[in-house]
Structure formats: structure tokens, C-alpha cells
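Q: Reconstruct the complex from the two isolated chains, following the hints.
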Amino acid sequence: MKRTAFYNDHVAMGGKIVPFAGYEMPVQFEGVSAEHETVRKGVGVFDVSHMGEFWVKGPKALEFIQWVTSNDASKLFNGKVQYSCFPNGKGGIVDDLLVYKINDETYLLVVNAANIDKDWEWCNSQNKMGAELTNVSDDISQLAVQGPLALQAMQKLTDTKVTDMEYYTFKYLTFAGVEDVLFSTTGYTGSGGCEIYCSNKDADKVYKAVMEAGIEYGIKPIGLAARDTLRLEMGFCLYGNDIDDTTSAIEANLGWITKFTDEKNFIDKELLLNQKKNGVSRKLVGFEMIDKGIPRHGYEIVDAENNNIGIVTSGTMGPAVKIGIGMGYVPSALSKEGSEVYIKIRDKALKAKVVKFPFYKG
Amino acid sequence: MNIKENYRYTKDHEWLNVVGEEAFIGVSDHAQGELGDIVFIEVPTVGEELEKGESFGTIEAVKTVADIFMPVSGEVIEFNDDLEANPELVNQDPYEKGWIIKIKLSNPDEVNELMDAAAYEAFAAH
Chain A
51 MKRTAFYNDH VAMGGKIVPF AGYEMPVQFE GVSAEHETVR KGVGVFDVSH
101 MGEFWVKGPK ALEFIQWVTS NDASKLFNGK VQYSCFPNGK GGIVDDLLVY
151 KINDETYLLV VNAANIDKDW EWCNSQNKMG AELTNVSDDI SQLAVQGPLA
201 LQAMQKLTDT KVTDMEYYTF KYLTFAGVED VLFSTTGYTG SGGCEIYCSN
251 KDADKVYKAV MEAGIEYGIK PIGLAARDTL RLEMGFCLYG NDIDDTTSAI
301 EANLGWITKF TDEKNFIDKE LLLNQKKNGV SRKLVGFEMI DKGIPRHGYE
351 IVDAENNNIG IVTSGTMGPA VKIGIGMGYV PSALSKEGSE VYIKIRDKAL
401 KAKVVKFPFY KG
Chain B
51 MNIKENYRYT KDHEWLNVVG EEAFIGVSDH AQGELGDIVF IEVPTVGEEL
101 EKGESFGTIE AVKTVADIFM PVSGEVIEFN DDLEANPELV NQDPYEKGWI
151 IKIKLSNPDE VNELMDAAAY EAFAAH
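The listed protein sequences derive, respectively, from chains A and B.
Per our numbering, the very first residue in the first sequence carries number 51; after that it's consecutive.
Per our numbering, the very first residue in the second sequence carries number 51; after that it's consecutive.
If we strip away everything but chain B, and leave its shape as in the complex, we get (with noise of 0.2 Å):
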């Protein structure tokens, strides 16, 4: 399982990689990996505020949808556009061309509550 050292995790298996105000998400490797094949990410919520824990968008692979969920509450600013034409980059490089949104935090203290790469490493190893 692949693990990015310096991004945060939760337990719905997004990551956050924090820069500055803003923030970039996406899933894990450990996520992608279980949701097989990616082929349509729909994320209908750039320009609106939304609280942590909240779905701004869905993920379809060939045999499963699953909702993807805000690790701290931030207005989404930008959606990754690559993923349109290209979906795959999700299951290819989920840490780095494959991340989904970018936000702009609204409550940057939130960020600590998520887990470390360490402690999300222990976590998804069940």
C-alpha cells in the first residue's frame, strides 16, 4: 500500500495535502485499489461552502459508485478538469495528477483532527 508521508488522512480514505489556505483532496491508493477501474468522477459542488464531512462529488468505477467526502470544512474552488477525458489517473497516481478538488479552508484547525500518513497507515492495514 502506497502512502504519502506528508498528506493527511481519513477514515473514508480521502487524503488532504494542505498548501498555504488551500488545500487539494483526493483518495487514497488503498481506496482506489478497492474501487477497481475508475471511470467517471462527478463533482457537481465547485463554488459552494461546505462542512467537513459533507459528499462534494461521486466516484463510479465499472462495478461501484461511492461518494467522496470532505476531510474539513472550505469552499471547493477548483475540480481537477484532467479527470474528465481521464478518470484513471485516480487508480494511476492517486497522490499526485489524480487529486479531485481544490478548496480553500475555512477552519485550517481541522486539519489536525485527521490522521497522520502513520497512523492512517495502521488504519487502513485492517
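Bound-form chain A, shown alone (with noise of 0.2 Å):
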């Protein structure tokens, strides 16, 4: 089992630990509930080091990213971040990540930390054109501040502007005295925020001044727990839950990072294209609890006539909204808002309805 750099912080702040995608994750620290509003209403810290990270590097760095990608990479200016997936060949996806231009021959590719020994072998069977794929997976550590006050707070630690970055774009910069620390407005809760990549050797420098920078705004440490409830109350996709290799972008509603223009050819393009054109049968969605229950991974959806037609894919009851909200692929007949679902609680058939995304709308 791996530790991050910010082991010993986690355990010195109260953090209850648990194994996670091959690390000694903190899973807590005061509680999952008030963790969670704390990212809603101040600022939370999350260790993310155990992400993976890859470079792809040289004149053929576009290239490589265009074909094993969905999203259009060729869009991205210098500084800019996009989210996208790695389709399969199969029309199922091998990981979601975020793609960083640095430059026309320098990026950086942010994978799922349970996914990294999968992609990167994906990505090095892929390389035909000759990238330079680099992964550094061991090497970064990286914090994600979350919540409305958290570029504020940040802001204390840095000379750089960073208060009015927009969403999903990054700078390098110097930060809490440490050099070439890439500072990133993206995060994965829905509370605005920003991520922050710095080397392991100045992980608990980086760590403590964050800390103590956010005290006057109330910081405080997240754990994983918080961390799926508030992506789960914004509707966002955990890999191995609501997407997977058997599942396609079209089917998961991410057909917005999947564009079909004729420069760019991809893994799966023809494929996906014809599921755009011609409908898939089945869809994931997002259901709100009219009965009183909780959904949870691994759940049945039955339809009125307690026939089977899904599976809920992720579930929880939600802090925010407090209400028992889950998402789930179904048939795409019944994939509208207000469509009637009933999900199988403990043997009994509990009436849902199929809402928008997000649950939570701030």
C-alpha cells in the first residue's frame, strides 16, 4: 500500500484512513456531512496526489492526444484545460481525465489513480505516431482546495493573480515560496476552487502554508467520503461506477466531450458518431428519491411492473440537498425529466423520478 506526501497530515489532523486505488487514503476527518458543507459554503482541502500524471511530449504530442482522446485537444490554447475520455475500441471507456496544454509540444495528461497502470499501457499501445509519453504518476503530489473562498485564500500565497483565473485554465507560478507550482482553476465538486501541483519534496511546505493561509476562511481537510458525495450531487461521472469499460460517452451524456469533426480522427469515432446519429438504447441518468430511501451502488431500477430495466450506478443520500439522489442507466424511454423509476430498496419497489443534472444547484 502507498502513502502520499501529505500521509503524516492526514493522520496528525484526525484523519480516518482507508486503503484506496493502492493508497492510505483519508476517508474523513470530522465527518462526511459537515466536510461536505464546508466545500459548499468555505474552502476544503483534498489530497488528490494519488491521480496519476502523464507527459506527452514532441511533434507528434496533438497528435497522440487527437487520436486516443474524445475531445477536440486542437481548441486548447496554452494554459488551458479540458475534460475528456479515452474511448476503448470497443465502445466502452478506459478512463475520463483532464488534458493541460502547456505548449504546441508539451501536455499533460491527469488520469484516475485506481486506472494508471491500465492507461498507461492503453496509451503506449496507441502511440503509433511517436509521442513522447512520460508518466510521473510517483513523482507530483497535488492538493485540491475547494469551495467558494478557496481562490481567496490562495491568493495569500502568491504574487500572481489568481482571484479572477477562469474556469478550467492554469498558470505556473510561484507559490508559498516554492517555484514552478502549477496552479490549476479545476476541481471536481462543483464549488469552484482550484488544484495544485507541486513535487513531492515540496509537498508539506505547500501543505502547511495552504492550511495556515485558510485559517481566517475557516479551512479545513476533506475526505474521500465528502469528496464522491459533492461530485455526486453535481451529477459528475466517477470512473468504475457510472462509467466504465462496457459503458459508452454517448450513453453516459458526454457526448460534450466527444466532437466529430473531420481533422480529427479517434478511437471509436464511427462508432460513437453512429450512436449519436441513431440513438442508444439505454442512457444514464440522474434520479431524485420520492420515497422515502437511500440509493446505492449496485441497486436494481425496476420500472412499474417491478420488471428489471438498470442498475443505479452510484447513490447516497445527499448532504446538500438532503434527499436520496443516485444515478443509473436506463432505458432511454424512460431517460426524460419527470419519468417515473422505482428502485429496489431491501425488497421493496421505492418510487423515484428522473431529474436534471446537477441535484444540487447552489
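Fair warning: there could be bad hints in the mix.
To be verified - When the alpha-carbon atoms are kept at most 25 Å apart in a straight line, the in silico BS3-like pairs for lysine-lysine are as follows: (1) B/Lys102 x B/Lys147; (2) A/Lys342 x B/Lys147; (3) B/Lys102 x A/Lys66.
Hints are computed from structural coordinates only; laboratory data are not their basis.
A: Here is the structure:
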């Protein structure tokens, strides 16, 4: 089991440590509901160092990224970030990821912790054009500082203006006295903020500076449990739950990161274009419980006649919306807003209705 | 870890507090801490005669769901209604206001098979 550079900080802050994607990670500190609220209303800090990072460099960098990812990386400018996914050649998804454009011949791919080895193999197997790939996952530490007060709090640690940065952009800057920190206005909570990438040797210094700078804003450490409830309230997909090797980007409502332009050829382009034109038989939807109950990953979704129509891919009590919420694949005919579906909870079919994302509207 | 002195405990972290021929049942402080923020408690078994070890309901925390089991055999005669509106009472006061059900004991001898506070403290510490 690996530890991130922040492991001792988590223990010192009272984090409850659990195994996650091969790492010992904090699942919670003071409690998932309180942590959730801290991020929605103030500022919270997540250790996301377990995420993987691959450099893509050289004259073939863009050609490689255009081939392996579904989004159109030619639209990126220096300092811009893009959400994307790797189609798997069989209509499924290898992983979802972020693509950072540093310059025309330098890109950074940020992938899920649990998929680092799989993604690395996949990228290399698809690199017929000869881009220069490097896996630096073990060298980089990453903090997500999230919440409406995050940028204001982090501004104290750098002379470069960050409070006016556009969503999904990044800068290299000197941060907490550390040079060349990658500061990115990204995150997976829906509450704004940033993600900070530094080398492992600077991690402890950066962490302590972040916590210190945040005191006046009520900054707190946040665990994986609240990371999950925060993303789910926004309807953001979690790889391994809501998307995987058997779900297509079109089924998962990720058409917006799947770009069918003439200039861009990519893995599964024809197959996905066909799905987009002719429709898919099932779709990922969000639903809210009408009857009292909490949907959970793996619960059955049934129709009014108790026929199985799908499986809950993610579910929880939404700490901010105060109701049972979930996501799952249902037949396209039942995917429209307002459709009634039933969730099998302990052998009872409890009523729910399909709603638009996000569940949490701030 | 907070443990109530004169209660009895199970390996599943339920507690039992015998009052005459009846007993109150809840979950230990250790259990509520492990579960995290409790948001819903369902007890569909009021009025039923259940055996020791049978599930009488479920506790839903934000991130997990757990069955709760009968420490001894008995008839479920009451569910703590306060938990419907305030399930967090189980987190805040697991041994008093956070009691979950009241039962009528059908075999009082079974009580002696449960751990006392000292034995439970040693058990839960592992």
C-alpha cells in the first residue's frame, strides 16, 4: 500500500485512513456532512496526489492526444484545461481525464488513480505516431483546494493574480515560496476552487502554507467520502461506478466531450458517431427519491411492473439537498426528465423520478 | 470510546439495556462513529417475534448502510419515533436518546451470553 506525501498530515489532522486505489487515504475527518458543507460554503482541502500524471511531448504530441481522447484538443490554448475520455476501441471508456496544454509540444494528462497502470499501457499501445510519453504519477503531489472561498484564500500565497482566473485554466507560478507550481482552476466538486500540483519534496511545505493561509476562511481537511458526495450532487461521473469499459460516452451523456470534426480522427469515432445519430438504447440519468429511501451503488432499478430496467451506479443521501439521490442507466424511453422509476431497496420498490443534473443547484 | 457501564453488548456493536421483562436496544458509540453521519433508520419489524441474531432493521449513514441485529430473542414492541425526524440522535447520544427499539424478552437467559462493558471494551479496542 502506498502513501502520499501528505499521509502524516492526514494522521495529524485526525483523518480516518482507508485503502483506496492502492493508497492509504483519508476517508473522513470531522464527518462527511460537515466536510461537505465546508466545501459548499467555505473552503476545504483534498489530497488528490494519488491521481496519475503523464507527460505527452514532442512534435507528435497533439496528434497522439487527438487519436486517444474523445474531445478536441486542437481547441486548447496554452494554459487551458479540457475534460476528456479515452474510448476503448469497443465502445467503452478506458478512463476519464484532464488534458493540460502547456505549449504546442507539451501536454499533461491527469488520470484516475485506480487506472494509472491500465491507462499507461493503453496509451503506449496506441502511440503509433511516436509521441514522447512519460509516467510521472509517483513524483507529483496534488492538492484540491475547493469551495467559494478557495481562490481568495490561496491568493495570499502567490504574487500572481489567481482570483480572476477563468474556470479550467492554469498557470505556473511561485506559490508558498515554491517555484513552478502548477495552479489550475479545476476540481470535481462543483463549488469552484483550484488544484495545485507540486513535486513531492515540496508537498509538506505547500500543505502547511495552504492550511495556514486558510485559517481566516475556516479551511478544513476533507476526506474521500465528501469528495464522492460533492461530485455526485453535481451529477459528475465517477469512473468505475458511472462509466467504465462497458459504457459509451454517448450513453453517459458525455457527448459534449466527444467531438466529431473532420480534422479529428479518434478511437471509436465511427461507432460513437453512429450512436449519436441513431440513438442509444440506454442512458445514464440522475434520479431523486420520491419515497423515503437511499439508493446505493448496485441496487436494481425497476419499472412500475417490477421489471428490471437497470442498476444504480452511484447513490447517496445528498448532504446539501437532503434527499436520496442517484445515477444509473435506464432504457432511453425512461430517460426523460420526470419519468418515474423505482429503486429496489431491501426488496421494496420505492418510487423515484428522473431529474436533470445537477442535483445541487447552489 | 464511550461505553455504558451496566449495558450488555454484541460483537456486531449493538447494546442491550434490560429493564424488567423488557429491554432497550441501540448501537454502541463505537458503531455510530464507524458508520458516520446517520441519516435514516428503518425498523419494519415492530410487532414481530424475532430470534437472537435476526435483523430487525437497518441504519443508513451518508456513505453506508448496515443491518442491525437482535442481541437476544424477543418481540419488537416499540420503535423510537424520535429517530424518524432526528436520526442523528444515534450519533449524538447512542446510549440514551438514540435507543432504537424496545423489546419484550422471550428468553431472558440469553442476556448472560452477551458481553459486559469490560469485555466489550476489550473487544472493540481491536
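Q: For every hint, state whether the structure bears it out.
A: Hint check:
no., hint, result
1, B/Lys102 x B/Lys147, "24 Å, holds"
2, A/Lys342 x B/Lys147, "23 Å, holds"
3, B/Lys102 x A/Lys66, "32 Å, violated"
Violation of the numbered hints given earlier is confined to hint 3; every other hint is satisfied by the structure.
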